[in-house]
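Undergrad: Below, each chain spelled out in residue letters.
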Amino acid sequence: MVNTGDTAWVLTSAALVLLMTPGLALFYGGMVRSKSVLNMMMMSFGALALVSVLWVLYGYSLAFGDDIGGGLLGDPTEFLGLAGLMEDTTSAAGGLPAMAFVAFQCVFAIITVALISGAIADRAKFGTWLVFVGIWASVVYFPIAHWVFDFTLTDDDGTVTHVGGWIANNLAALDFAGGTAVHINAGAAGLALALVLGKRQGFGTEAMRPHNLPLVMIGAGLLWFGWFGFNAGSALGANNTASVVFVNTIVATSAAVLGWLLTEKLRDGHATSLGAASGVVAGLVAITPACNALSPIGSIAVGAIAGVLCALAVGLKYTFGYDDSLDVVAVHLVGGLWGTLAIGFFATASAPAGVDAVFYGGGVDQLWRQCVGAFAVLGVSFVATYLIGLLLEKTIGFRIDEEDEIAGIDAVVHAESGYDLHATGAGSRLMGSPPPVAATRASDTRTSEGKVTA
Amino acid sequence: MRLVTAVIKPHKWDDVRQALESFGITGMTVTEASGYGRQKGHTEVYRGAEYDVALVPKLRVELVVEDADATDVVGVISMAAATGTIGDGKVWVVPVDTVVRVRTGEVDQAAL
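Chains R and Z supply the protein sequences, listed in that same order.
For the first sequence, numbering that gives the first Met the number 0 begins at 0 and goes up steadily by one.
For the second sequence, numbering that gives the first Met the number 0 begins at 0 and goes up steadily by one.
Rather than coming from a laboratory, the hints here were simulated on the basis of the structure.
Please note: incorrect hints may appear among the correct ones.
Estimated spans, in silico, between C-beta atoms of each pair [as the list claims (entries may be wrong)]:
| id | chain 1 | residue 1 | chain 2 | residue 2 | range |
| --- | --- | --- | --- | --- | --- |
| 1 | R | Gly-426 | Z | Gln-17 | 45 to 55 Å |
| 2 | R | Gly-220 | Z | Val-93 | 19 to 29 Å |
| 3 | R | Leu-390 | Z | Gly-36 | 52 to 62 Å |
| 4 | R | Glu-402 | Z | Glu-65 | 26 to 36 Å |
| 5 | Z | Gln-38 | R | Thr-204 | 17 to 27 Å |
| 6 | Z | Thr-82 | R | Ser-432 | 13 to 23 Å |
| 7 | Z | Tyr-50 | R | Ser-427 | 52 to 62 Å |
| 8 | Z | Val-93 | R | Tyr-418 | 30 to 40 Å |
| 9 | Z | Tyr-35 | R | His-269 | 43 to 53 Å |
| 10 | R | Gly-126 | Z | Gln-17 | 36 to 46 Å |
| 11 | Z | Gln-38 | R | Asp-419 | 44 to 54 Å |
| 12 | Z | Lys-39 | R | Gly-126 | 37 to 47 Å |
| 13 | Z | Gln-38 | R | His-421 | 26 to 36 Å |
| 14 | Z | Tyr-35 | R | Ala-7 | 51 to 61 Å |
If you're wondering where the values come from, they're calculated on a predicted model, not measured in any experiment.
The beta-carbon is built from N, C-alpha and C at its ideal position, and this holds for glycine as well.
Just need the whole structure built from these sequences, with the hints factored in.
TA: Given below as structure tokens:
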């Protein structure tokens with residue numbers, strides 16, 4: 000029997016999380032120069048299209064199939080092509096249809112892959128990006144989603160009916176909605192790809208300022224809206240946990256905006272709109288793993304610190320000279336690490352997760368579990384992504400030509416331009432159309448050839 | 000005939016237009032331009048990275064007038080466009096050989 004309330008909330012949440020990827024496209028698209036806005040947005044839309052198909056074919060099974068050993072990977076054949084999941088899988092006691100969970104986890108896979116694209120703005124071949132998306136989702140995301148999100152299940156007699164991943168079950172690290180699997184994972188992958196592809200032409204000298212900050216603000220707003228599905232939807236029910244998580248997601252994000260803006264005001268003298276939009280995302284990233292383990296007051300602290308940390312971490316790319324173009328490392332890797340480790344300090348047993356951490360007298364037990372989970376994902380994601388990136392660069396090539404990059408990737412790779420702001424359509428005509436006919440002249444002092452006789 | 004070109008602060012355009020209409024000028028061409036002089040540009044900051052933005056938005060106002068009016072028109076524009084602060088712009092005058100009104104084919108004085 001389907002629990003209609005829970006099912007309605009999870010399906011709604013899945014739609015909210017899907018909207019995050021077009022939101023990310025706007026957030027990233029506004030931040031690049033106008034000559035590469037379309038390519039930036041296409042990397043998100045491309046990931047959306049490809050990952051959905053892979054998810055249905057074998058991705059869900061790799062992530063949520065019965066474990067094939069060591070908590071490392073789900074059985075790829077169990078739900079191949081989502082076999083057997085169309086019939087009603089809910090118990091008599093009520094529950095969530097398997098397909099609702101399939102849909103909800105599908106959109107997580109999409110946004111995780113899309114997040115990486117911010118590290119390689121303006122310079123990646125679109126075809127190679129799609130190949131990367133397919134390989135990375137299969138080799139890195141699907142297994143890590145199994146580690147973090149796939150819980151071992153037992154029936155009423157205590158018999159194990161399903162074996163899940165090692166981080167969720169053996170290590171018992173807390174990651175409610177994906178601080179490790181989504182944000183540390185995408186952040187480490189972004190760093191690896193930025194290193195493989197190298198810096199953009201003119202990085203560190205030319206102005207590469209965002210071409211459309213209102214787009215960035217709209218994108219940040221859509222991400223925040225969708226993120227309620229991401230976090231509160233991860234309760235997998237319309238219940239108290241979802242409600243606590245919802246409030247923590249509001250307040251941590253707001254605190255992070257304040258933290259980021261304060262850092263900017265003190266350091267640069269100005270509180271900026273890009274800082275506010277970035278603070279939104281930094282706060283959302285940090286609260287993602289922790290949102291069911293913290294009190295609302297703890298969420299304010301974790302969010303505010305996330306805003307400050309991530310604002311400061313943006314400077315790392317200039318210090319170390321890697322071109323993580325849109326700060327995937329500073330926002331997702333640093334924010335994800337902070338949120339995941341912060342559970343080890345700020346978790347309180349009065350929150351739905353029911354764990355006391357260092358600041359609530361729980362000792363360091365939870366903290367070391369968080370550290371192991373976070374750094375395992377970081378290490379595996381970085382190394383695997385670097386190897387995949389290098390393989391693609393050496394075979395089919397990952398980076399576009401220098402001249403094409405300077406001319407602009409939109410025109411060269413996609414044969415489009417993001418904006419037509421010319422009254423003449425930049426002098427464009429439909430190819431193959433007949434040439435324009437000369438206008439008939441009024442009788443005046445000019446001959447038909449235009450010679451002035453007066 | 001003379002071509003008078005003025006580069007002015009965008010927010011002074013309405014003052015300039017009204018002053019020119021009072022003087023009897025019936026039309027002009029206005030282009031959005033950008034540039035810098037002694038004013039230099041300004042600084043913008045994105046995620047902590049400071050950029051020196053050299054070019055400042057300006058309007059370029061162009062009008063062709065009779066020789067006798069050129070000096071007065073320059074005076075009218077420069078009075079109306081002035082704020083007294085740096086970056087008020089420039090006005091200059093060059094001679095013009097021929098003018099044709101496209102609609103009728105009228106030339107020179109008749110075309111002004």
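Undergrad: Okay, which hints does this one fail, numbers in order?
TA: 1, 2, 4, 6, 7, 9, 10 and 11
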